Each structure stands twice: as structure tokens, then as C-alpha cells.
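> Letter by letter, the chains look like this.
2 protein chains.
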Amino acid sequence: MKISMYQASAPRFANMLRNLSTLLDKGQAHCEARKIDPAVMGGMRLIADMFPLSRQVQVACDTAKGAVARLAGVDIPKHEDTEQTFAELKQRIAKTIDFILSVPAEKIDGSEDRQVTLRLGGREVAFTGIQYLLGFAYPNFYFHVTTAYDILRANGVDLGKRDYIGTP
Amino acid sequence: MKISMYQASAPRFANMLRNLSTLLDKGQAHCEARKIDPAVMGGMRLIADMFPLSRQVQVACDTAKGAVARLAGVDIPKHEDTEQTFAELKQRIAKTIDFILSVPAEKIDGSEDRQVTLRLGGREVAFTGIQYLLGFAYPNFYFHVTTAYDILRANGVDLGKRDYIGTP
Numbered sequence: 000m001k002i003s004m005y006q007a008s009a010p011r012f013a014n015m016l017r018n019l020s021t022l023l024d025k026g027q028a029h030c031e032a033r034k035i036d037p038a039v040m041g042g043m044r045l046i047a048d049m050f051p052l053s054r055q056v057q058v059a060c061d062t063a064k065g066a067v068a069r070l071a072g073v074d075i076p077k078h079e080d081t082e083q084t085f086a087e088l089k090q091r092i093a094k095t096i097d098f099i100l101s102v103p104a105e106k107i108d109g110s111e112d113r114q115v116t117l118r119l120g121g122r123e124v125a126f127t128g129i130q131y132l133l134g135f136a137y138p139n140f141y142f143h144v145t146t147a148y149d150i151l152r153a154n155g156v157d158l159g160k161r162d163y164i165g166t167p
Numbered sequence: 000m001k002i003s004m005y006q007a008s009a010p011r012f013a014n015m016l017r018n019l020s021t022l023l024d025k026g027q028a029h030c031e032a033r034k035i036d037p038a039v040m041g042g043m044r045l046i047a048d049m050f051p052l053s054r055q056v057q058v059a060c061d062t063a064k065g066a067v068a069r070l071a072g073v074d075i076p077k078h079e080d081t082e083q084t085f086a087e088l089k090q091r092i093a094k095t096i097d098f099i100l101s102v103p104a105e106k107i108d109g110s111e112d113r114q115v116t117l118r119l120g121g122r123e124v125a126f127t128g129i130q131y132l133l134g135f136a137y138p139n140f141y142f143h144v145t146t147a148y149d150i151l152r153a154n155g156v157d158l159g160k161r162d163y164i165g166t167p
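Chains as they are written, first to last, in numbering that gives the first Met the number 0: chain A, 0 to 167; chain B, 0 to 167.
Hints are computed from structural coordinates only; laboratory data are not their basis. The reader is advised that the hints may include incorrect statements.
[What the hints assert, rightly or not] Simulated pairs of lysine-lysine, PhoX-like, Cα-Cα distance not exceeding 20 angstroms:
{"hint": "1", "chain 1": "B", "residue 1": "Lys106", "chain 2": "A", "residue 2": "Lys1"}
{"hint": "2", "chain 1": "A", "residue 1": "Lys77", "chain 2": "A", "residue 2": "Lys89"}
{"hint": "3", "chain 1": "A", "residue 1": "Lys106", "chain 2": "B", "residue 2": "Lys1"}
{"hint": "4", "chain 1": "A", "residue 1": "Lys1", "chain 2": "B", "residue 2": "Lys1"}
{"hint": "5", "chain 1": "B", "residue 1": "Lys25", "chain 2": "B", "residue 2": "Lys106"}
{"hint": "6", "chain 1": "B", "residue 1": "Lys1", "chain 2": "B", "residue 2": "Lys89"}
{"hint": "7", "chain 1": "A", "residue 1": "Lys160", "chain 2": "A", "residue 2": "Lys25"}
{"hint": "8", "chain 1": "A", "residue 1": "Lys94", "chain 2": "A", "residue 2": "Lys77"}
Source: prediction; values computed, not measured.
In isolation and in its complexed conformation, chain A is listed as follows (with noise of 0.2 angstroms):
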């Protein structure tokens, strides 16, 4: 049977996403308890010359809307990078997801070898799908999704792993 194109990539970035929220919704509890202003935790950063959480959560779902766009030949949907508030990212989490979701099974399915270019640096990179989607995509994705939990959890926010893995 192995491993369909969409198995492996719709509802598997939809799942994490969901994931991705739950952590939201635990950060913003943190904030509530400790008076934090949710920005400032939004705000939040490793170090000064990475992204902050609010744009970990943008470029997850960007990331995942992205892949899902390119395997299917579909436009990938614009959402604009204005959110502040935990409900806020949580909202830019679900419009993600409801595309991703909407997207057709039979469209991504046999995207295997389908042409994926991206500009990267400056240039033109070719992919076939799955390197795109194993090799670029979720790599990519789990980078931002794993580095906001990073930043809510070295903030003090009670987190843990089955958080983050969710129901597999």
C-alpha cells in the first residue's frame, strides 16, 4: 500500500497545528496567571537574531499551508502577518488549517514526482514532491512548531512532550 503523497502531508500538518495551538493556549494560561502581557510573550525570542514566537507560529503555518499548496498546484492563500494576541495566532492556526483540510485527497495524490520550485537565496531550486515535501518541507515545519514550544517552554510555560506529539 505504502505511503500516500497526502497521508503524508495534509493531515499531518493539520495534526501538529492543532498541537501548535494546545501550546498556545497554555502559554496564554501562563500569561493570565503571571499578568504577562500576552504581546511580550509573543514577543518572546532565543536569541536576538531569531524570529519570536508570534512569527514561529506565522511561518509553521506557512510552511504547511505552502506544501500543501505546491503539492496540489493550487495558489497558496495569502494570510497577512498582523496577529498580536494568542487568539489571534490561534486564529491564523485555524484558517490554516481549514485549507489545508480543504484541499481535494486526489490533487496532492501523485504529486510524487511532480516539480516544486522555490526560491531560495536568490535562486531557483527544483525539487521533485517528495524530496519537497520529505527533505524541505517538514523539516522546515517542524523546525518552527519545535522552536515556538522552545520558546513558551524556556519561558517558563508548563509544557511537555505529549503536548507536542498530541495524539499520533
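Starting from the structure of chain A, add chain B where the hints point.
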């Protein structure tokens, strides 16, 4: 054609582990340039109750070798957690890659529905092979590789996304 279980596992883990080794090279160069004891860098954590860098590397290795062994139905090789230096951590990665790539593709292919049982939080949890690989092994693996990156980056090591992504 779809994605085979082998394609989605062994070569992908090996690829990211090679990138992790490159991240450690840059960490080592940083320590040498600034006269930082490598054991101090290996002991750095994002917060007191998270694993230090050295343990993040060990767990990334263990997640990859555990996934490949469980899907293939072979014994998981035991690697003692004794690494203290960058050279030793890179050796740990190298022997993990050697094991991963020693498992024949045909042992992993066809494991989509193979039952994988893990002991998690004191109870047995059963997954199908696909669910285990995509929903448990991947997010865990990327979690520890990314957190290793985040610890090095947060301590001033000059890393970029390109080092993490490598050659997809």
C-alpha cells in the same frame, strides 16, 4: 508509486543526522575560537528542566535508530550515553547512521500496518507502522534535532537554516 516506508525513514533520518553533525562542527569551532570548554557547551540547556545539548543529540539518535529498528522488526542496538565532547557526539551520530543504513530496505518496506508497541508513561501504546513513523518518530526526531540547533544558536553559534536543512 507513492512513498515507500523505507524512503520515508532510513535515508531521511540519516540525512538529518548528517546535518546535525555539521551543526556540531560549527559548535565545536565556536568553542575553540572562544576557548569554551566543549563539556560546558554540551551541558547547556534552554531552561533547567530541559535536556542539555548532549542529551538532545543522544535522543535524536535513539529516536532514529529506534524507528528504523522497530519498523524493520530487528533489535535496537544499544548505545551507551557516555559522550562528553563534540568528537564523541559526532561519533555517536556516525554509528547511528551506520546502523540505520545497514538495515535492508526490504525489511522496512511493507511495515505500513505492522504493529509497533511502545511503553509510554508506564503503559503500552500500539501504533500502526505509518502512524508510528509519521505521528510519533518524526515529530520526536525533529524536536530533538531542532532543540539541539536552538541551544547552539541561543549560545551564539553562527548557524543558519541552510545548515539544518542541508541537501534535501
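> Starting from Lys94 (chain A), check that the Cα of Lys77 (chain A) is at most 20 angstroms away, please.
holds, 11 angstroms
> Is the Cα-Cα distance between Lys77 (chain A) and Lys89 (chain A) 20 angstroms or less?
Roughly 17 angstroms separates the two Cα atoms, so the pair holds.
> If you draw a straight line from the CA of Lys1 (chain B) to the CA of Lys89 (chain B), is it 20 angstroms or shorter?
violated, 33 angstroms
> Hinted pair, alpha-carbon criterion (20 angstroms max): Lys1 (chain A), Lys1 (chain B). Please report holds or violated.
Given pair Lys1 (chain A), Lys1 (chain B) holds - Cα atoms ~6 angstroms apart, limit 20 angstroms.
> CA of Lys106 (chain B) to CA of Lys1 (chain A), is that 20 angstroms or under?
OK: Lys106 (chain B) and Lys1 (chain A) at ~14 angstroms, within 20 angstroms.
> Decide if the proposed pair is consistent with the structure: Lys160 (chain A) and Lys25 (chain A), CA atoms, cutoff 20 angstroms inclusive.
holds, 13 angstroms
> When you check the alpha-carbon spacing of Lys25 (chain B) and Lys106 (chain B), does it fall within 20 angstroms?
violated, 35 angstroms
> Check the hint pairing Lys106 (chain A) with Lys1 (chain B) against an upper bound of 20 angstroms on the C-alpha distance.
Roughly 14 angstroms between the alpha carbons, so the hint for Lys106 (chain A) and Lys1 (chain B) holds.
In summary, the structure is inconsistent with hints 5, 6 from the numbered list given earlier, while agreeing with the others.
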